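J.: Keeping their order, the protein sequence lines are chains A and B.
Residues in the first sequence are numbered from 32 upward in steps of one, following the working numbering.
Residues in the second sequence are numbered from 2 upward in steps of one, following the working numbering.
Treat the hints as calculated values from the structure; they're not laboratory data.
Just so it is clear, the structure is predicted and the values come from calculations on it, not from any experiment.
Treat the hints with care, since some could be wrong.
[As the list claims (entries may be wrong)] Now the stretches of chain B that chain A is said to cover, found in silico as 3 or more residues with beta-carbon under 8 angstroms:
| no. | region |
| --- | --- |
| 1 | 68-75 |
| 2 | 79-90 |
| 3 | 101-113 |
| 4 | 209-216 |
A virtual CB, placed ideally from N, CA and C, is assigned to each residue, including glycine.
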Amino acid sequence: MQKESLIPSVGVVTDIRQETPDVKTFRVVGLDGKKLFEHKCGQCAMLSVPGVGEAMISITSSPTNEKFMEFSVKKCGCLTSWLHSMEVGQQILVRGPYGNSFPVDTTLKGQGLLFIAGGIGLAPLRSVINYVRDNRENYGDVQIVYGSRSKEDLVDYKEILDEWAADSTIKVNLTIDKAQDNWSGHVGFVPNYVKELQPALSKTVLICGPPIMIKFTLMGLKDLGFKETQVYTTMEMRMKCGIGKCGRCNIGNKYVCKDGPVFRFDELGELPSEY
Amino acid sequence: MLSLLKSKLNEFFELVAKETLVYLPVDNSSGQASYQKWKEGVVYSSALNTVRSAKDFFFPQMENLMDFKMQGKSVEVVDTRVEKEDFVIFGVRACDVASFSILDKVFLADPVDTYYQNRRDHAVIISMACSKPESTCFCPLYGIDATKPEGDLSAWETEDRIFFKANTQKGEVLLNNASRLLEESEGQIVEVQRETTKKILEELPFAHLDLSKFKGENLMELFNSPKWAELSQSCLGCGTCTFVCPTCQCFDIKDFDTGHGVKRFRCWDSCMYSEFTKMAAANPRLTQLERFRQRFMHKLVYFPDNNEGTYGCVGCGRCLIKCPVSMNIVKVIKQLGEE
């Protein structure tokens with residue numbers, strides 16, 4: 032019978048990293064040890080465990096990674112708790128990739144990029160950041176502003192320090208909400224920090240984080256003179272099918288699973304604010 | 002025109018049922034019609050419509066999508082799909098036939114839903130023209146002609162005969178197979194009946210509502226209308242409208258642990274339910290207002306905007322009959338459609 036999108040493939044978890052107290056990153060390959068499927072920056076996949084549930088999770092690894100895919104998952108419900116309790120070698124179900132992507136090979140090409148992330152919101156942007164690093168000559172200045180509640184809540188902290196911050200062509204600005212003993216960096220919320228940093232108006236902005244952070248950061252960017260057409264984000268909604276049929280992830284007439292998850296803010300502005 | 006004497010209807014079903022399964026509307030003891038499989042003794046009901054729509058044939062309320070076997074850390078996916086048997090649905094009204102093409106736009110859009118397609122491919126639809134539409138009917142509003150329903154075969158019921166017209170090859174094959182029961186007769190009576198029915202349809206109270214405002218360019222204005230508050234106030238969120246609706250196709254996917262493996266099911270869901278969009282962190286449709294608005298915005302604005310103007314409603318009137326608080330799409334169209 033014809034291939035059915037709803038039927039998942041079996042994936043094997045080959046590595047688990049404890050990123051923060053409530054975020055783990057899972058490395059997944061197919062039963063043959065190879066990457067399950069190709070994806071584009073910003074796309075997602077449905078992860079599931081039989082009898083537990085299925086959920087849409089962004090693919091945090093870069094498409095340039097030829098060996099495996101990674102998913103950073105925050106523990107907050109039935110399925111994510113189960114994933115957090117599993118061990119290396121566990122088989123899970125994966126289907127995808129789903130959704131559109133950040134226009135890394137078209138609109139973003141040749142542009143200076145400003146990444147703004149909060150908490151687990153770094154996960155979908157990490158895919159783009161590492162894609163850009165692997166195709167560095169195609170992009171202008173790259174700046175990453177990333178904030179979380181505390182130092183311990185910074186996802187991918189080791190990679191940020193060892194690779195991104197060590198890369199002289201990338202500027203990394205980290206911030207945490209409240210001062211703490213072992214932190215000498217910036218303290219304060221992301222929206223204010225972005226305003227303080229006064230990023231160049233020529234940059235294209237990619238933003239992901241808690242809705243409240245996105246809201247105030249966007250306001251700040253507008254105050255600085257950025258236009259909505261310069262700012263991209265990636266959305267999250269409850270999904271069951273991932274292919275525009277189950278009927279629940281729509282914002283107005285757009286389905287986040289297939290028309291999104293990546294939207295430019297001027298596109299979102301034309302839709303009801305039901306998200 | 003080929004016709005069948007109604008006295009030979011049972012023979013007709015018997016003949017067709019030799020080759021394939023046949024489903025037809027049948028009255029229960031309280032006079033309500035539902036589709037049942039034909040067997041000896043089952044009698045066709047000329048009821049205006051079945052209580053549940055015909056969408057169940059292609060999109061059943063619950064279906065097994067796949068199974069899983071687990072052992073230790075291993076997971077195995079068992080594809081439980083099987084090629085369906087051919088089946089015939091007899092007596093589908095024009096509104097429900099029109100609903101199939103609406104469901105097609107969802108389930109047959111890329112990537113195709115193979116569960117739906119499998120059933121669709123194996124079905125032969127024999128539609129039945131209406132001759133006694135009631136005041137809850139409003140299919141003319143959507144350009145549906147209840148006197149000339151689509152489907153593989155169109156049928157017209159008169160006093161003593163059923164007239165047939167094949168619209169597809171599947172329909173022609175079925176007529177050929179039943180040819181010994183059919184006779185060529187004057188189709189004039191069908192035309193006369195159609196004209197009479199058209200006059201009734203023309204005068205239906207909701208046949209001429211104004212839909213002009215329901216289009217993509219008015220999306221934000223309609224979404225932000227203050228009228229939603231009052232319209233949704235009485236909605237109980239019971240979801241009955243979504244279940245009887247021939248075009249409502251929202252679904253949930255859930256697993257059931259049988260104790261010796263897990264079965265994954267697809268079940269109907271309803272946008273009227275509070276958990277429909279609930280996520281771990283938030284729910285974008287917190288109150289019944291947002292959920293009520295979603296259902297009607299989807300049918301009247303979002304769906305047509307994405308599908309060349311086709312509305313997600315066929316005017317069958319089931320929601321008008323079944324809503325426990327008498328709130329329905331007609332009231333929404335009237336309230337929001339006026340300037």
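J.: Are the hints correct? Go through all of them and say.
T.: So, going through the hints one by one against the coordinates:
no.	hint	verdict
1	68-75	holds (count 4)
2	79-90	holds (count 3)
3	101-113	holds (count 5)
4	209-216	violated (count 0)
Checked against the numbered hints above, the structure violates only hint 4.
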